[in-house]
Amino acid sequence: MNYSSFLQMQEELSLLVVIVILLIYDIFAGEKSLRFFQPVAIVLFSIHTILNCIPHHPFEIAGGMYHYVPMLTYVKTILNLGTLIIFLQSQHWLNGEESINRRGEFYFLTLSTLFGMYIMLSAGHFLLFIIGIETASIPMATLVAFNKYTHKSAEAGAKYILSSVFASGLSLFGISMIYGTTGTLYFDDLSGLLNGTPIELMAFVFFVVGLFFKISLVPFHLWTPDVYEGAPTNITSYLSVVSKGSAVFVLFTLFIKVFGNMIDQWQAILYGIIIISITLANLFAIRQQNMKRFLAFSSISQAGYLLLGVISGSATGMSSLVYYLLVYMFSNLAIFGVVSVIEDRTGKINIRDYNALYSTNPKLSMVMALALFSLAGIPPFAGFFSKFFIFSAAFQKGFYILVLIALINTIVSLYYYLLVVRAMFFNTNDHPVESIKSDVSLKISLIICTVAILLIGGFSVVYQQIALLGFGI
Amino acid sequence: MNFLLIFILIPMLMMVGLFFANNRKQINLITLSGSVLLLLSAIGLTFLYLHQRAIGNTAEMLFITDVPWYPAFNIHFLVGVDGISVIMLLLSSIIVFASVLVSWKIDTMPKEYFIWFSLLSAGAFGFFISLDLFTLFFFLEMSLVPKFLLIGIWGSGKKEYSAFKLALMVMGGSVLVLFGILGIYYFSGAESMNLLELAKHTIPLNIQYYLFVSSFVGFGIIGAMFPFHSWVPDGHSSAPTSVSMFLSGISMKLGAYGAFRVAIFLLPEAAHQLAWIFLILAAFSVFYGAFTALAQTDLKYINAYASISHCGLLFFAFLIFNETAITGAFLQMISHGLITALFFATIGMIYSRTHTRMINDMNGLMKVIPFIGVSFTIAGLASLGLPGFSGFIAEMTIFVGAFQETDLLHRVLTLIAATSIVITAVYILRVVGKVLFGTITNKHHLEFADATWWERVSVIVLVIAIAGLGSAPMLFSNMINDSLQPVLNNLMR
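Quick mapping for you: the protein sequence lines, in order, are chains U and E. Just remember that our numbering sits 11 ahead of the position in the first sequence, which is counted from 1. Oh and the second sequence: position 447 is 436 in our numbering, straight run, nothing missing.
Derived from the structure by calculation, the hints contain no laboratory data. Take these hints with a grain of salt, some might be off.
[Said to hold, decoys possible] Beta-carbon label-pair distances, calculated as ranges:
1. Leu465/U <-> Ser341/E: 33 to 39 Å
2. Thr195/U <-> Asn195/E: 43 to 49 Å
3. Cys64/U <-> Phe(-8)/E: 37 to 43 Å
4. Thr439/U <-> Lys432/E: 29 to 35 Å
[To be verified] Stretch by stretch, here's where chain E covers chain U in the computed footprint (C-beta under 8 Å, at least three residues):
5. 381 to 390
6. 397 to 404
7. 410 to 419
8. 423 to 437
9. 471 to 482
[To be verified] Only pairs whose alpha carbons sit at most 27 Å apart, straight line, appear in this in silico DSSO-like list of lysine-lysine:
10. Lys374/U <-> Lys94/E
11. Lys94/E <-> Lys432/E
12. Lys356/E <-> Lys94/E
13. Lys408/U <-> Lys189/E
14. Lys448/U <-> Lys374/U
15. Lys268/U <-> Lys408/U
16. Lys163/U <-> Lys359/U
17. Lys359/U <-> Lys159/U
18. Lys94/E <-> Lys147/E
19. Lys14/E <-> Lys374/U
20. Lys423/E <-> Lys147/E
21. Lys94/E <-> Lys14/E
22. Lys448/U <-> Lys100/E
23. Lys359/U <-> Lys170/U
24. Lys14/E <-> Lys100/E
25. Lys454/U <-> Lys100/E
26. Lys100/E <-> Lys374/U
27. Lys359/U <-> Lys454/U
Positions of the beta carbon are idealized from the N, C-alpha and C atoms, including for glycine.
Based on the provided sequences and hints, a complete structural model is requested.
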């Protein structure tokens, strides 16, 4: 066996190097040198991000266990950027009394989940895929329960691990049926073998439920609001962007690679899932008072929009999906950045507490408003472009009614995003959030997000780069 | 560089400048110079356009710039103008100039106010110059955020309710328009989102029906056609003065203009088949707006309903599909834009002095504020169609065009729409008589100061424009006529 071929997995290897360095540093460094732990972690991870952002030629190793396609580099770069922004946003929280002793764990666990997602994305075999998904979920549950002395955080962690394990169990059951009918688990071999017979359809449904759970689509979303509310805010943003993003992309590649012959069946399933996800999540979001629950429902409905790219199954669908993911990542992280800093400094988390935020924190509320408008899909912000492309991709493949329903739902979503804008700009408040002096790293992260929201749409080069590598049926 | 890009660049530069401005003087300097520059460029563009036509350039669109933007979806950044767009740009720049002057002394957060106002105007200018469906939609939708914030933060009365109502209804309109645009692009089979290119393709009739209804209703919501008008009264009356001027002077016109450029131009067969439904709605909205205005006691509500009536006339005229009526419709767009802006400007001036807009609380204001009183009267008279002002020319042309269609439906609807002229006269004269004449009952009203210089300049510019259009309409109707032919050819195919 030629071990040198493993060196080709440079993205995973470089992440592994970062993880190991940080682990050793955390364990063996003295109290004094640990002060530099966070800057070092961020710098190392940035270097890793920059080194791995240029796509190279497709290859596969270990007989097809591991697959690389150039598009994966972009997806992984989006995940890296998201993680990096979250690292920047979590500085102040990690330096707090409660978490300072555990900051090493935070980085180690976060990067481990990221490593799991890498494996999941590049897997060419169902077993490796499951290993990836589990490597991503178990540290994730630990992260959710990170504030273990807070009742809500511990409860959220338990909820997450239990439902996550159950979902993985269903997936594995589906996979076992696939193995039973076809005798192989390699994606390449499976592509011609699954034709949509009843047992294969059942296998497909069981398998895909596990992924729907990760993406938190209705009706597999019930864990989402509780976990989002209970987890530390920076972990919530990680869940809503990085974890969700990788799962949606994997869903797309699996659908076209493995279940390509069953396109009619999975399109029918997605059709229903998209409609109820977007509609129900939108309706529930209107009534939320807690900012994190609100964002949980908003992210469920955004996941529904993401699936509009999946349902088309085309190359255009894939590139608009990845583009949507990128824009969604920046917009959502800008919002979570503001929410986390306000929660961290004042402990306020209800939408009511945001009343008259503009009078005390004009910059923070401006960033938040821009990001909300971007999520709602209003020009000139980037969210408008990504929404347009994803609608366009679905319309192209003939999903006219679906696009119309999704379009009408954007009105509802505009309404609840505007509720937050109203709180910040229109309402008055006797006890507004006091003026917050944000730390440098948070500022950097918010500036990155804002600039991206303002410029990504206008400069089409970003989309064109992604579109070059899109593939589909 | 293309001359047209100036219209987007100036508002953008204004925004950047305002962002870095740190005192009132700089803010005033930036907004004033920006709006003057816009006005000058629009006048310059008019002459350039006339010059091009005079030397025999018969191209459909002039000053075209075509930059590929998103090649994967055939989206280009494509701008160009014909006579219609040129006069719409002229109208917009006059209204922007007048509204900036009217809000000259705004005291809460002036910097933010003008930043959002510049974004609002950038959207309108961009809309009128785009020839690409995507760019068109981009600019149409861009005005949503500024509208919402301007009304919600700087408005009066039940401003939150109005801001939400306006934002959601306009979003609803945009959503339908977007559906229509996607349909037009994909079903035409064209490799382009260029309006002129798309017009050469024919979409199957059964699909055209859906797309026409979707896009026409979408633009109808934005243009306040009955029964989709309900955001207008609340939105206009809660907005600060200059935003009311902009909303009813320009934003409502975006709907009618879009309905003409997209729905009617690109889906002519369905337009012919379904015209009767919307013709009835439009004629009813002309009558309904005027009739409802009769019962209002708030000055802004009166003008808002009057706007619904006058903008209904635009849709009415477009759906008659003859040259005279459509020419009249565009004249009405400019005329109503200017008149309604003048109306809202003077209402704002009265409100800032009396702090009430209820006509029952005001009497005999003509004696204390003669300048504002006279301007208000001029706006009223122009609105009811007194010859010599622009309103007369525009409505006359529309009704002459409408009477050329001899079948029963058109006759009846024309009659219904024409009754609005009489009703308009009733409510205008009632308001003018009540508010301006008679004896002053409220002693506080005796202390009012007449218009300041910036208010005077703003009003005078608008009055000159109204009287100018009223006395020399040929120039503009020629420019419109030049540009109508391609649309009419498309309609007749």
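Structure-based check of all given hints:
In this structure, Leu465/U and Ser341/E meet the distance hint of 33 to 39 Å, their C-beta atoms being roughly 36 Å apart. Separated by about 47 Å at the C-beta atoms, Thr195/U and Asn195/E satisfy the suggested range of 43 to 49 Å. Taking 37 to 43 Å as the suggested C-beta distance range, the pair Cys64/U and Phe(-8)/E conforms, at roughly 40 Å. A hinted range of 29 to 35 Å for the beta carbons of Thr439/U and Lys432/E is consistent with their spacing of about 34 Å.
Here the region 381 to 390 of chain U counts 3 residues with a CB under 8 Å from a CB of chain E, which clears the bar of 3, and the coverage holds. Given as covered by chain E, the region 397 to 404 of chain U passes the check, having 4 residues with a CB less than 8 Å from a CB of that chain where 3 are the minimum. Taking a C-beta to C-beta cut-off of 8 Å, the region 410 to 419 of chain U contributes 5 residues in contact with chain E, enough for the three needed, and the coverage statement holds. Only residues whose beta carbon comes within less than 8 Å of a beta carbon in chain E count, and the region 423 to 437 of chain U has 7; three or more means the coverage holds.
Counting residues of the region 471 to 482 of chain U whose beta-carbon sits less than 8 Å from any beta-carbon of chain E gives 4, enough to reach three: the coverage restraint holds. Distance check on the hinted pair: Lys374/U and Lys94/E sit about 25 Å apart at the alpha-carbon level, within 27 Å; holds. In summary, the hint linking Lys94/E to Lys432/E is supported, as the alpha carbons are separated by about 26 Å, within the 27 Å threshold. For the proposed pair Lys356/E and Lys94/E, the alpha carbon gap of about 25 Å is at most 27 Å, so the pair holds.
At roughly 24 Å between alpha-carbon atoms, Lys408/U and Lys189/E fall within 27 Å of each other, so this suggested pair holds. The hinted pair formed by Lys448/U and Lys374/U meets the criterion: a straight-line CA distance of about 11 Å does not exceed 27 Å. A distance of roughly 18 Å separates the Cα atoms of Lys268/U and Lys408/U; the hinted pair therefore holds under the 27 Å criterion. The straight-line distance between the Cα atoms of Lys163/U and Lys359/U is roughly 15 Å, inside the 27 Å bound, and the hint therefore holds.
In summary, the hint linking Lys359/U to Lys159/U is supported, as the alpha carbons are separated by about 20 Å, within the 27 Å threshold. Distance check on the hinted pair: Lys94/E and Lys147/E sit about 23 Å apart at the alpha-carbon level, within 27 Å; holds. At roughly 23 Å between alpha-carbon atoms, Lys14/E and Lys374/U fall within 27 Å of each other, so this suggested pair holds. Restraint check for Lys423/E and Lys147/E: the C-alpha separation of about 26 Å stays at or below 27 Å, so the hint holds.
Of the supplied pair hints, the one linking Lys94/E and Lys14/E holds, its CA atoms being roughly 11 Å apart against a limit of 27 Å. Restraint check: the Cα-Cα separation between Lys448/U and Lys100/E comes to about 23 Å, which is no more than 27 Å; the hinted pair holds. A threshold of 27 Å between alpha carbons decides the hint, and for Lys359/U with Lys170/U the separation of about 24 Å falls inside it, so the pair holds. About 11 Å separates the Cα atoms of Lys14/E and Lys100/E, which keeps this hinted pair within 27 Å; it holds.
Straight-line distance between C-alpha atoms of Lys454/U and Lys100/E comes to about 23 Å, which keeps the hinted pair within the 27 Å bound. Under the criterion of a C-alpha separation no larger than 27 Å, the hint pairing Lys100/E with Lys374/U is consistent with the structure, at around 14 Å. As the CA atoms of Lys359/U and Lys454/U are separated by approximately 20 Å, the hinted pair is consistent with the 27 Å bound.
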